Amino acid sequence: MSLLLVGLSHRTAPVEVRERLYFPDSRLQEALQRLTSQSAIAESLILSTCNRTEVLAHSADARRGLVLVRSFLSDFHSQPEESLHPYLYDLTHSEVVRHVFRVASSLDSMVLGEPQILGQFKTAFNLARRIGSVGDALSPLIHRAFFVAKRVRSETAISSAAVSVSFAAVELARKIFDHLGGRTVLLLGAGKMSELAARHLISQGTTRLLVWNRTYRRAVEMAEDLNGEAIPPEELFRHVERADILICSTGSPGFILTRSDGQRLIRLRKNRPVFIIDIAVPRDVDPEVNSLDNIFLYDIDDLQHVVDANLKQRRREAQFAEAIVQEEVQSFVKQARGLDVAPAIVSLRKHWEAIRREELARSRKKLGSLNEQQEAALDQLTRGLLNKILHGPISEIKSLGQDPAAERKIAAIKKMLGLKP
Amino acid sequence: MSLLLLRLTIAFYSVGLLHSFLTIITRKKTLFRVALASISVGFLCHLLAISVAWFETRHPPISELQEVLSFFALVIVLAFLVAYARYRLDSLSVFVFPLAFILTLAANLTSEPSQPFPEMLGSLWLYLHVPFIFLAYAAFFVAFASGLMYLIQENELKRRRPQAFYYRLPSLEVCDELGYRALSIGFPLLTLGLVAGVFWQAPWELDKKVIASFSTWIVYAVLIAYRLSEGLRGRRAAWMSILGFILILATFFGIRSQGSAHPFIQ
Numbered sequence: 001m002s003l004l005l006v007g008l009s010h011r012t013a014p015v016e017v018r019e020r021l022y023f024p025d026s027r028l029q030e031a032l033q034r035l036t037s038q039s040a041i042a043e044s045l046i047l048s049t050c051n052r053t054e055v056l057a058h059s060a061d062a063r064r065g066l067v068l069v070r071s072f073l074s075d076f077h078s079q080p081e082e083s084l085h086p087y088l089y090d091l092t093h094s095e096v097v098r099h100v101f102r103v104a105s106s107l108d109s110m111v112l113g114e115p116q117i118l119g120q121f122k123t124a125f126n127l128a129r130r131i132g133s134v135g136d137a138l139s140p141l142i143h144r145a146f147f148v149a150k151r152v153r154s155e156t157a158i159s160s161a162a163v164s165v166s167f168a169a170v171e172l173a174r175k176i177f178d179h180l181g182g183r184t185v186l187l188l189g190a191g192k193m194s195e196l197a198a199r200h201l202i203s204q205g206t207t208r209l210l211v212w213n214r215t216y217r218r219a220v221e222m223a224e225d226l227n228g229e230a231i232p233p234e235e236l237f238r239h240v241e242r243a244d245i246l247i248c249s250t251g252s253p254g255f256i257l258t259r260s261d262g263q264r265l266i267r268l269r270k271n272r273p274v275f276i277i278d279i280a281v282p283r284d285v286d287p288e289v290n291s292l293d294n295i296f297l298y299d300i301d302d303l304q305h306v307v308d309a310n311l312k313q314r315r316r317e318a319q320f321a322e323a324i325v326q327e328e329v330q331s332f333v334k335q336a337r338g339l340d341v342a343p344a345i346v347s348l349r350k351h352w353e354a355i356r357r358e359e360l361a362r363s364r365k366k367l368g369s370l371n372e373q374q375e376a377a378l379d380q381l382t383r384g385l386l387n388k389i390l391h392g393p394i395s396e397i398k399s400l401g402q403d404p405a406a407e408r409k410i411a412a413i414k415k416m417l418g419l420k421p
Numbered sequence: 001m002s003l004l005l006l007r008l009t010i011a012f013y014s015v016g017l018l019h020s021f022l023t024i025i026t027r028k029k030t031l032f033r034v035a036l037a038s039i040s041v042g043f044l045c046h047l048l049a050i051s052v053a054w055f056e057t058r059h060p061p062i063s064e065l066q067e068v069l070s071f072f073a074l075v076i077v078l079a080f081l082v083a084y085a086r087y088r089l090d091s092l093s094v095f096v097f098p099l100a101f102i103l104t105l106a107a108n109l110t111s112e113p114s115q116p117f118p119e120m121l122g123s124l125w126l127y128l129h130v131p132f133i134f135l136a137y138a139a140f141f142v143a144f145a146s147g148l149m150y151l152i153q154e155n156e157l158k159r160r161r162p163q164a165f166y167y168r169l170p171s172l173e174v175c176d177e178l179g180y181r182a183l184s185i186g187f188p189l190l191t192l193g194l195v196a197g198v199f200w201q202a203p204w205e206l207d208k209k210v211i212a213s214f215s216t217w218i219v220y221a222v223l224i225a226y227r228l229s230e231g232l233r234g235r236r237a238a239w240m241s242i243l244g245f246i247l248i249l250a251t252f253f254g255i256r257s258q259g260s261a262h263p264f265i266q
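As given, the protein sequences belong to chains A and B, one line each in that order. Residues in the first sequence are numbered from 1 upward in steps of one, following our numbering. Residues in the second sequence are numbered from 1 upward in steps of one, following our numbering.
Derived from the structure by calculation, the hints contain no laboratory data. Fair warning: this is a prediction, and the values are worked out from it, not measured in the lab. Don't be surprised by glycine CBs; every beta carbon is placed ideally from N, CA and C. Check the hints yourself; a few may be wrong.
[As the list claims (entries may be wrong)] To give an idea of the chain B side of the interface with chain A (calculated C-beta under 10 Å), a few residues:
1) Glu156
2) Arg160
3) Ala164
4) Val174
My request is simple: use the sequences and hints to build the entire structure.
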């Protein structure tokens, strides 16, 4: 019995192809049942997300299993098999183990280290287990994959740095203010973008929100929406010093905050730091403001640079994660292979050979005298009979070498054949 | 006995040193829990070593250079443990652990048979002067280290192209607050230490070391006063904490005492 995997992902296939092989939740059960109804496929699991569709299976014969899964994919989605050929990859044995560990640890994800994949994997596993398409053969592998993913998450910083602009802004705010609780956010300009940013900051813990807009009515509307406080247009300078975080997105053609404004602001705030996010184009804040102590100014490009740096950081961490995966694959494969099946076969043969001789000797007396030819024929007959009977169980035991549940299965076979396990 | 304990302490502190090295090289927190445990045990061992030395020599072990170095290492580790308990600031360990190791090692290397205790030093004021001064030094070292971390982190944030430090160092807020707390603990201690020194030395010997000590006091006094009145904080406060500590090092190691009151530096 062996592990196999057929699939495609964002690495091998464009979205036009990926969507053709997508399994909606509503059809997953049917798909799994069809797969495992084939005698060559003992167990199977389907992981289908927007970035990948993969069929993990356990089969008596890896090569035959791969062919079956491929034709299943094309039949189920009514796609000609040749059209899928360039995008699909086949993996067997320890390649499968490595791949499954990497996918669960988000090392194969489009956004390296994104945490959703583990959840999707768990959902897929729970469904497969519920309908019984996953059993003793695949479960240990998948449980181990979850364990590896957890290890990667806790031992590396692969998921820690923000990889979207809005999360990067929150993270920067944390690097300045440590915690966002009790901080005040001021929106200069009540646009869609600033609303999004504000919602994000509020969900991360900032407690006060001020909204200012050239048209007061719009400011009031948004303040009501976000449970904030609208500031009348002419009173901006009385309130601006209250803001720890300033999000600028006005449509003003020139700078609305110049260097000298910045100096005044920081004096009014008694040097308490301000984080200014300028998402307006053209920019609202003179870039020179960043040179002032205790003011940290980021425009939309700067935030993108931070995201890029964070991605680079994740790639660095991914190297540590790959090392962990490597280590885990080795130990898993060794454990699975570690079971030597030879002693079981030898003891089985010995046991039955002894019975054969015993029985032969007992019956021999009743048969009287026989010539040499007859003696040989009798011996051959019993031997042949025994070999025929034992052939099935022995080849089954031989194939169990890589089965994670081999030990138990071999014990069962031995028991059935009259041996103490 | 005390020497043996001191060597044991060095062994424990060396785990901390290893942690700092690995953390700097691999750019990720390595071995921190092990190092923290080892440093904590080392601290207790160190405390015991100094107590035993006190018992053996029958005077507080703070009169000779190696004794002073060892004591300084002890209070710096104490300062770290307190700061860690309060702020969970593991980044500080990268500064503190190697320093504690080097100071203790130096104390051990220069160790020589205890000389007879100078008659004039024996005074209640000395027992107050030296511990206060070194506790203050340890606090100022924490202020120095947080100032350094502040400047590095601030530079990362201002450049807007984060590199390794951005991810590893604590936030500006924490660096700044820790620096300020350390100052507000260190300054009263320094003041008490200097006052005790004045009483101990009376009548006054106005040597360079004494003058340098008072200059240091003035720097820290100005820093704290500015901070309270004008809200001086951030980059400038960090720079002043660093300069203050450099002045302390200069006072301690650089300026030779002409009088007989600070024999360990002659």
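Q | Status of the B/Glu156 interface restraint (C-beta, 10 Å, chain A) | A | holds (8 Å)
Q: Closer than 10 Å between Cβ atoms is the bar; does B/Arg160 clear it against chain A? Give me holds or violated.
A: Constraint on B/Arg160 satisfied, holds at 4 Å.
Q: Answer holds if the nearest beta-carbon of chain A is closer than 10 Å to that of B/Val174; otherwise answer violated.
A: holds (5 Å)
(Q) Can you verify the interface hint for B/Ala164: is its Cβ closer than 10 Å to any Cβ in chain A? (A) holds (8 Å)
Hint violations for this structure: none, all hints satisfied.
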